[in-house]
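S.K.: Given the coordinates of chain F, assemble chain E onto it according to the supplied hints.
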Amino acid sequence: MRIGIVCPYSLNTPGGVQNHVRDLAESLIGLGHTVSVLAPADEDDPLPGYVVPAGRAVPVRYNGSVARLAFGPISATRVRRWLSAGRFDVLHVHEPISPSLSMLAVLYSRAPVVATFHTAMTRSRAIVAAQGLLQLVLEKITARIAVSDLARRVQVEHLDGGAWEIPNGVAVARFAEATPLPGWPGEAGTVGFLGRFTEPRKGFPILLDAYRRVVAHRPGLRLLVAGPGELAELGETGGIPDGVTFLGKVSEQDKARMLQSLDVYVAPNTHGESFGMILTEAMAAGAPVVASDLDAFRRVLDGGRAGELFPVGDAAALAGALDRLLDDPGRRSELAARARQVVAAMDWPVVAERVLEVYATAIEATSGVVADLEDPPRAGSVD
Amino acid sequence: MWWIVGVVAVVVLIATYITWTAARVDRLHARATAAQLALDAHLVRRAAAATELAELLERPELQALARAARDAVPEERELAENDLTRALRALPRPRNSPDLTDVVVASRRVALGRQVHNDLVRDALALRRRRLVRLLGLTRKHPQPRYFDVDDPILDEIMVG
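Listed in order, the protein sequences are those of chains F and E. For the first sequence, the numbering used here gives the first residue as 1, with consecutive numbering after it. For the second sequence, the numbering used here gives the first residue as 384, with consecutive numbering after it.
Chain F extracted, bound-state conformation (with noise of 0.2 Å):
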């Protein structure tokens, strides 16, 4: 199949909807497919071969963040260019509803659309005033994707239509064949943390409380921690302990070498998570997972078989937990089997397929036509 994907986003930033697009069109190269990612960026900026660039992108605060859109008349050229040249069986643009190259290539497609959006975004002032150019938009979106439950409902509220929901994939590999971090976790332990841990919600304090009760008859176990935030911000009074290691903001990178770094990874959050995106990513480095037993816990931990579950907020469970992995290897390792044949299930290849039959489904939806069956059913099944 012959696939255009249109990114809003300059690459060269970080961000979650860069790292879904350049996830998925590797995927969908790797399966096979003819892949072509248009994408904010200038001539000289280096990027992979299978990304266009369409331009200088201008930063335009939105969402509470700066993003870096392209929209114009040279913008608008490019993309032109770029649909004729590549001759698309489908178009697959991320975020089309705010004014950048996603809608530019929706306005000009004639290859059946598909469209994702990432963003529980409302509708919002902008949009109502353009009411007329987004029902033109939306119009010749043929088929729509949301990657979480909370924005295939703004879906159905604001935008009037539904989605199909298709969560984000794991970049398994990338988590399972990162290198630990040098010297960790050496021969006492590391028990590890990622995530704001100045976020209540997130439950930082309990895994320091769980931390300071095991420590006391286990000297040496470390805990590392990532994630944003100032340790000021903290409050806590005790101090920090010694063994405690925080790296601050790492990258993409560097998140993969850190889950690779620990004997457990905990997740003490007191708060639904909606998901448990961070939870897949440790589960993929083979660390095995202690968390709380919140309901999308339960789920991704598969009932508690691909990682143990504490009662939330329960800092005594937690540190009788830790005792208990940080003795056994054998469960250790018995968490981390498990969990892989659970990831395996959203890995990013897996997850491509199921765009891919999105696809299939719009080209279809378009032409009226249902072709190649792969599994054609056999002949005499159907009388």
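Worth flagging that the hints you see were computed from the coordinates, not collected in a lab. Don't be surprised by glycine CBs; every beta carbon is placed ideally from N, CA and C. Do not rely on the hints blindly, as some may be mistaken.
A partial selection of chain F residues facing chain E, derived with a Cβ cut-off under 7 Å [as the list claims (entries may be wrong)]:
#, residue
1, E139
2, A143
3, G161
4, G162
5, W164
6, T361
7, E364
8, A365
9, T366
10, G368
11, V370
M.R.: Using the frame of chain F, we list chain E on its own:
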């Protein structure tokens, strides 16, 4: 003299807008029809997969429901498809067998086809309600598209547990 130019310009603009709207009506109806054909094909494919599974598991009642879904007249099709979905959901455990793969994949494609079809029908119906479209009878040659209203046929969860 200038008022003639003005009138001509306005007439041209209105005519352009009407032509464009008529093309838009045609396009949205053509797409809703195409999506319906595709959905039909996937429903047939699911019924075929269910028939095959029924033979394999020797469940004549499932076979009868699959046949009923395939042969149903349009007015009864939604009910027949719901009956088939319910029967598939009620299949006994253990369920994670490769025999189920075809019917699970076919059901997912039905669900996806229906989602897309209903979205396209919604777009077409919204345009049909526009005053200009109704006033000029731009939809005369297009029958009104209908939603395909069935229970969610997704069976992915029967593969686990």
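S.K.: Now, for every hint given, state plainly whether the structure supports it.
M.R.: Right, here's what the structure says about each hint:
Restraint check, E139/F versus chain E: the minimum CB separation of about 5 Å is within 7 Å; hint holds. Evaluation of the A143/F hint against chain E yields a held restraint, the C-beta minimum of about 5 Å falling below 7 Å. The criterion of a C-beta within 7 Å of any C-beta in chain E is met by G161/F, whose closest approach is roughly 5 Å, and the hint holds. With a least beta-carbon distance of about 5 Å to chain E, the hint placing G162/F at the interface is held under the 7 Å criterion.
About 6 Å separates the beta-carbon of W164/F from the nearest beta-carbon of chain E, less than 7 Å, and the hint is met. Here the hint on T361/F is kept, as its CB sits about 5 Å from the closest CB of chain E, short of 7 Å. At its closest, the beta carbon of E364/F sits 4 Å from a beta carbon of chain E; the interface hint therefore holds under the 7 Å criterion. For A365/F, the suggested interface contact is upheld, since its CB lies about 4 Å from the closest CB of chain E, less than 7 Å.
Below 7 Å, beta-carbon pairs count as interface contacts, and T366/F has one with chain E at about 6 Å; its hint therefore holds. At its closest, the beta carbon of G368/F sits 3 Å from a beta carbon of chain E; the interface hint therefore holds under the 7 Å criterion. Taking 7 Å as the C-beta contact cut-off toward chain E, the hint placing V370/F at the interface holds, the least distance being around 4 Å.
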